[in-house]
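Student: This is what each chain is made of:
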Amino acid sequence: MSIVLIAIAVLTALGLVFGLLLGFASIKFKVEEDPIAEKIDEILPQTQCGQCGYPGCKPYAEAVANGEAINKCAPGGKQTIEVIASIMGVEVPPAQSEETTPVKTIALIIEEDCIGCTKCIQACPVDAIMGTTKQMHTVIIDECTGCDLCVDPCPVDCIVMIPVKQTPQNWNAQLTAIPVKLLEP
Amino acid sequence: MKTILNLVDDGQLWKFHGGIHPPSRKERTQDSAIVTIPMPATLYIPVSQHIGQPALPVISAGMDVAQGQLLARKEGFISANVIAPTDANISDIRLHGACHPSGIATQTIILETSESRDELTFSPLTLSSENSEIIERISASGITGLGGASFPTAVKLAPNKPIDYLIINAAECEPYITADDALMRERASEIIDGIKVMQKLLSPQRTIIAIEDNKPQAIAAMETAADDTIIVRAIPTLYPAGGEKQLIEVLTSMQVPSGKIPADIGIVVQNIATAYAAGKAVLKGQPLVSRIVTVTGDLVQRPGNYEVPLGMSIKDLLEHCGFSKVSAQKIIVGGPMMGFSLNDINAPIVKSTNCIIAASDTELPNPPIEQNCIRCGDCEQVCPAELLPQQLQWFAKDQDYDKLKEHDLFDCIECGACAYVCPSSIPLVQYYRVAKAEIRSEDREKEQAQRAKERFEARTARLERDKTEREERNRLAAEKRKAAMSNNNDGDAVAAALARVKAKKSQTSASTDAAPEDRVAAAIASAKAKKAQATQPAVAEPSEQVTDQKSRVADAIARAKAKKLAAQQPKVDKEEPVSESSEPASQSPEQIKKARIAATIAKAKAKKLASQQELTEQEPTQESVQEITDSSEPVSQSPEQIKKARIAATIAKAKAKKLAAQQEPTEQEPTQESVQEVTDSSEPASQSPEQIKKARIAATIAKAKAKKLAAQKMFQQEPTKLESAQQEQMTQTQIQNKTSGDSHIAAAMAKAKNDAEKEASQVMADASIQKPQTMSPEEQKKARIAKVVAKAKAKALANKNLDNKDN
Numbered sequence: 001m002s003i004v005l006i007a008i009a010v011l012t013a014l015g016l017v018f019g020l021l022l023g024f025a026s027i028k029f030k031v032e033e034d035p036i037a038e039k040i041d042e043i044l045p046q047t048q049c050g051q052c053g054y055p056g057c058k059p060y061a062e063a064v065a066n067g068e069a070i071n072k073c074a075p076g077g078k079q080t081i082e083v084i085a086s087i088m089g090v091e092v093p094p095a096q097s098e099e100t101t102p103v104k105t106i107a108l109i110i111e112e113d114c115i116g117c118t119k120c121i122q123a124c125p126v127d128a129i130m131g132t133t134k135q136m137h138t139v140i141i142d143e144c145t146g147c148d149l150c151v152d153p154c155p156v157d158c159i160v161m162i163p164v165k166q167t168p169q170n171w172n173a174q175l176t177a178i179p180v181k182l183l184e185p
Numbered sequence: 001m002k003t004i005l006n007l008v009d010d011g012q013l014w015k016f017h018g019g020i021h022p023p024s025r026k027e028r029t030q031d032s033a034i035v036t037i038p039m040p041a042t043l044y045i046p047v048s049q050h051i052g053q054p055a056l057p058v059i060s061a062g063m064d065v066a067q068g069q070l071l072a073r074k075e076g077f078i079s080a081n082v083i084a085p086t087d088a089n090i091s092d093i094r095l096h097g098a099c100h101p102s103g104i105a106t107q108t109i110i111l112e113t114s115e116s117r118d119e120l121t122f123s124p125l126t127l128s129s130e131n132s133e134i135i136e137r138i139s140a141s142g143i144t145g146l147g148g149a150s151f152p153t154a155v156k157l158a159p160n161k162p163i164d165y166l167i168i169n170a171a172e173c174e175p176y177i178t179a180d181d182a183l184m185r186e187r188a189s190e191i192i193d194g195i196k197v198m199q200k201l202l203s204p205q206r207t208i209i210a211i212e213d214n215k216p217q218a219i220a221a222m223e224t225a226a227d228d229t230i231i232v233r234a235i236p237t238l239y240p241a242g243g244e245k246q247l248i249e250v251l252t253s254m255q256v257p258s259g260k261i262p263a264d265i266g267i268v269v270q271n272i273a274t275a276y277a278a279g280k281a282v283l284k285g286q287p288l289v290s291r292i293v294t295v296t297g298d299l300v301q302r303p304g305n306y307e308v309p310l311g312m313s314i315k316d317l318l319e320h321c322g323f324s325k326v327s328a329q330k331i332i333v334g335g336p337m338m339g340f341s342l343n344d345i346n347a348p349i350v351k352s353t354n355c356i357i358a359a360s361d362t363e364l365p366n367p368p369i370e371q372n373c374i375r376c377g378d379c380e381q382v383c384p385a386e387l388l389p390q391q392l393q394w395f396a397k398d399q400d401y402d403k404l405k406e407h408d409l410f411d412c413i414e415c416g417a418c419a420y421v422c423p424s425s426i427p428l429v430q431y432y433r434v435a436k437a438e439i440r441s442e443d444r445e446k447e448q449a450q451r452a453k454e455r456f457e458a459r460t461a462r463l464e465r466d467k468t469e470r471e472e473r474n475r476l477a478a479e480k481r482k483a484a485m486s487n488n489n490d491g492d493a494v495a496a497a498l499a500r501v502k503a504k505k506s507q508t509s510a511s512t513d514a515a516p517e518d519r520v521a522a523a524i525a526s527a528k529a530k531k532a533q534a535t536q537p538a539v540a541e542p543s544e545q546v547t548d549q550k551s552r553v554a555d556a557i558a559r560a561k562a563k564k565l566a567a568q569q570p571k572v573d574k575e576e577p578v579s580e581s582s583e584p585a586s587q588s589p590e591q592i593k594k595a596r597i598a599a600t601i602a603k604a605k606a607k608k609l610a611s612q613q614e615l616t617e618q619e620p621t622q623e624s625v626q627e628i629t630d631s632s633e634p635v636s637q638s639p640e641q642i643k644k645a646r647i648a649a650t651i652a653k654a655k656a657k658k659l660a661a662q663q664e665p666t667e668q669e670p671t672q673e674s675v676q677e678v679t680d681s682s683e684p685a686s687q688s689p690e691q692i693k694k695a696r697i698a699a700t701i702a703k704a705k706a707k708k709l710a711a712q713k714m715f716q717q718e719p720t721k722l723e724s725a726q727q728e729q730m731t732q733t734q735i736q737n738k739t740s741g742d743s744h745i746a747a748a749m750a751k752a753k754n755d756a757e758k759e760a761s762q763v764m765a766d767a768s769i770q771k772p773q774t775m776s777p778e779e780q781k782k783a784r785i786a787k788v789v790a791k792a793k794a795k796a797l798a799n800k801n802l803d804n805k806d807n
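Top line first, the protein sequences correspond to chains A and B. Throughout the first sequence, residue numbering follows this note's numbering, covering 1 to 185 in sequence. Throughout the second sequence, residue numbering follows this note's numbering, covering 1 to 807 in sequence.
Derived from the structure by calculation, the hints contain no laboratory data. The model shown is predicted, which means the values in this text are computed figures rather than measured ones. Do not take every clue at face value.
To be verified - Now the in silico label distances, taken between C-beta atoms and shown as ranges: (1) A:T138 - B:G76: 19 to 25 Å; (2) B:P257 - A:E111: 47 to 53 Å; (3) A:T118 - B:E370: 51 to 57 Å; (4) B:P257 - A:E82: 32 to 38 Å; (5) A:K30 - B:Q399: 38 to 44 Å; (6) B:E370 - A:G77: 36 to 42 Å.
Unchecked claim - Not everything, but these chain A residues come out facing chain B in the computed CB check (under 7 Å): (7) F29; (8) Q46; (9) T118; (10) I121; (11) Q122; (12) A123; (13) P125; (14) D127; (15) T145; (16) Q166; (17) P168; (18) N172; (19) A173.
Note that beta-carbon positions come from the ideal geometry of N, C-alpha and C, so glycine has one too.
Sequences are here, hints too, so could you generate the full structure?
Tutor: The following block contains the structure:
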């Protein structure tokens, strides 16, 4: 009889100890955010363009983690889809947009046409447009993600998207692409 | 046991992994003396001749500069100054073909050199000068590493660790190049001076000059010039012994860890030409304005080593050396192993250009067509960085960047030894370069994405914060109002409201009587006064825009409307406020919005019409506005159409403003006066700034209400504007004061009516008089801004025209 009691007591004690341990661990090592969503957010290009239908990259990352289609990121292109597919463990679906390798662009404000309405400033998701009311605005090139969101709100259509300029610093080292000028004899 | 220092002192040398023995081909130039090239007529100075941030030009086109003057200031930590090589006039700063494999044009300062020589040098320093002063001098002289990588020397000479070895790199292992050899043979003592400067800055335990043993004359010259503190070491000729990390291993047996720089293990390596330039800058005060360049190849009639001013175009240099062009000519900058073929012959000589090879296809044939890898492993045998070139090649072709990083692609020094020995003629280094560029751009994008994310999150947080702050403010204000109300009983509230009404009236009209009839009369009077004053200057002026008849018609309309207002006033007074408000309240917010858009369009078009002077009669204009308003019935408009309409309205508005602004300033003047007068007549003489502000706010509200008015007119199809305006006003007031009693509502109504009257006169003025006359101070400001914009544009246009003429 006493053996049974002892066994019950010991098991109860063990259960309590481990329960406490687990309870402590669940509080102490609590994961604040969905690690998969976080991982996907890392991969997304962070243009915050909203082309996926979500208000930014993070909401889309969370949606993907909850089963949203993985091929909605147009700026990320094929590569991003492939990486997300490998994280989510799903097949690679065809990209939604025709262009698989999107050309990186940035916004350019045609400054003589700008009327200083600040509409683009309000639209920019990364605060990459400088300017104030009735003053000419301009784009901070280094911060522009090329998301396109400032183009539509402009009342005078003075914002155009231009491809990122190639410099010796960001040159892709493709020698075959260089038009070599041959010298005439 | 002997330490490494002892072994180094004993003259022991080590060996790096791999290496090759390409034909040296230095015979053509290795005995030639240095020839100074005369200053060409034009110099091209790129602002980015170094690793790191491009320098920022501090001069502008048209300026005259003296030799040694600063042209572009260094930007950031790793950057170098750019110095004028001679007296010149800056003809332009534009994009020009760069001395870079990409051939991408970069920002370049174009100098037209002048005859007179006004040499601007620094005051010479001595070896006993302060270290910081010497570093500052080297930086100011624009000195970068002249061996090839162009790392800013001042940065390299100020390490944050104690330095054991100062190694002077004179190995010059690449075929063809003899520039350093010539420098050592002819200017050994100046080089030693420069090394002394570096010794002073770094205070190393050992200073070693490393020279490949195929340059016996140079070794002899340096040994003669060197003192006891400097070791001249002949090292075996083996490509790429001149590579920084390979040279360190040969001389000290130490290997620089992956991803580290030599300074991390207490070693600084400087090119011998850099030492020469530093010595000249510090001890003679001469900045870096020229360098020794080997010009060679079988197509050059006078190959040799030339002292070339920086910025001279390669074309000029080759022509000076008797260059005979052949078809499909290649010009190689740098050595044949690590150099690149130039794609714009007008590119300038820059700080890192040590050799120009103009060789025919017989001397330097094009590489054979690439074959498949046969996995022979020769490349691994010769790799000086102990990498696996064959593996790297597979990964590079697969674009497997993670694997490439795992296999230490970034330790590759791109020496080309692997490609040299490859039996399949695979351009291995080219694959690595592409992969490296790709990885770098990926890293850059990742960093950019990270920044974008941070900025996006910061913005979202800011918007959220603003919103909560606004809500908090509104809530506090509401609480305050509530508290104020509950403190007083109903009678007090009525009294307070009445007092407010009185106070308001005293502000808005000259009359202080509160009786409604009097108020109406006052409103009519003020409206008339406004009208009279607003139209008078326009009539008096021989303006094309406003004819006498027109103003008279406008006056008549205004008067009629004022009368109508007077007639409606008592009726409205008696009506139940709830029934009045039922009409506007039934409108959905969307409808109101749409109507507002339509009104804006109508207004913009009316303005445009007026300013274009197409209609001389005011009545037709109003009619047309009505038509436009009616025709642009927005109920069935899709959101896209509305958006388009909005944009069109804004454009129209902007155009109208511009037109107004472009009109003669004489018209502007009386308008301003009349507005001033209107303001004076409707406001008491003693205006505090706060009152003015209030008035301005009131004007804005009135404008907004006018829009609303137009919207309501459209939906209700009622002939009188004023009633609807009052209704709207009352609805709003009622909502605001829902909590207080009936008497409070009545008081508020009185107030609202008062507002409505004011507004009515404003609206009438708006409708009956042309735009320039009714400009509020705010509008005036707008017009002025528009005028400035217009002026700027005119200027730009003029400039463009000028440019076109020039062209």
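Student: If you take the shortest Cβ to Cβ gap from T145 of chain A to chain B, is it below 7 Å?
Tutor: Since the shortest Cβ distance to chain B is 5 Å, the answer is holds.
Student: Minimum Cβ distance from Q122 of chain A to chain B below 7 Å?
Tutor: Nearest chain B Cβ about 10 Å off; hint violated.
Student: Taking 32 to 38 Å as the stated bounds, is the beta-carbon spacing between P257 of chain B and E82 of chain A within them?
Tutor: Given about 34 Å between the Cβ atoms, the range holds.
Student: Looking only at beta-carbon atoms, does the pair P257 of chain B, E111 of chain A fall within the given range of 47 to 53 Å?
Tutor: Because 49 Å falls inside the window, the suggested range holds.
Student: For the range 38 to 44 Å, tell me whether the beta carbons of K30 of chain A and Q399 of chain B fit it or not.
Tutor: holds (39 Å)
Student: Would the hint on P125 of chain A stand, with a C-beta cut-off of 7 Å toward chain B?
Tutor: holds (5 Å)
Student: Next item in the hint list is A123 of chain A. Is there a CB on chain B closer than 7 Å to its CB?
Tutor: violated (11 Å)
Student: Holds or violated: the hint that T118 of chain A contacts chain B, with Cβ atoms closer than 7 Å.
Tutor: Violated: closest Cβ of chain B sits about 13 Å from T118 of chain A, beyond 7 Å.
Student: Holds or violated: the hint that A173 of chain A contacts chain B, with Cβ atoms closer than 7 Å.
Tutor: It holds, given that the least Cβ distance between A173 of chain A and chain B is near 4 Å, below 7 Å.
Student: CB of T138 of chain A to CB of G76 of chain B, is that within 19 to 25 Å?
Tutor: With a Cβ separation near 22 Å, T138 of chain A and G76 of chain B satisfy 19 to 25 Å, so the hint holds.
Student: Falls inside 51 to 57 Å, the C-beta gap from T118 of chain A to E370 of chain B?
Tutor: holds (56 Å)
Student: So, as I understand it, the hint says Q46 of chain A touches chain B; can you test that by seeing if any CB pair is closer than 7 Å?
Tutor: Holds. Min distance 4 Å.
When each numbered hint is compared with the structure, violations occur for hints 6, 7, 9, 10, 11 and 12.
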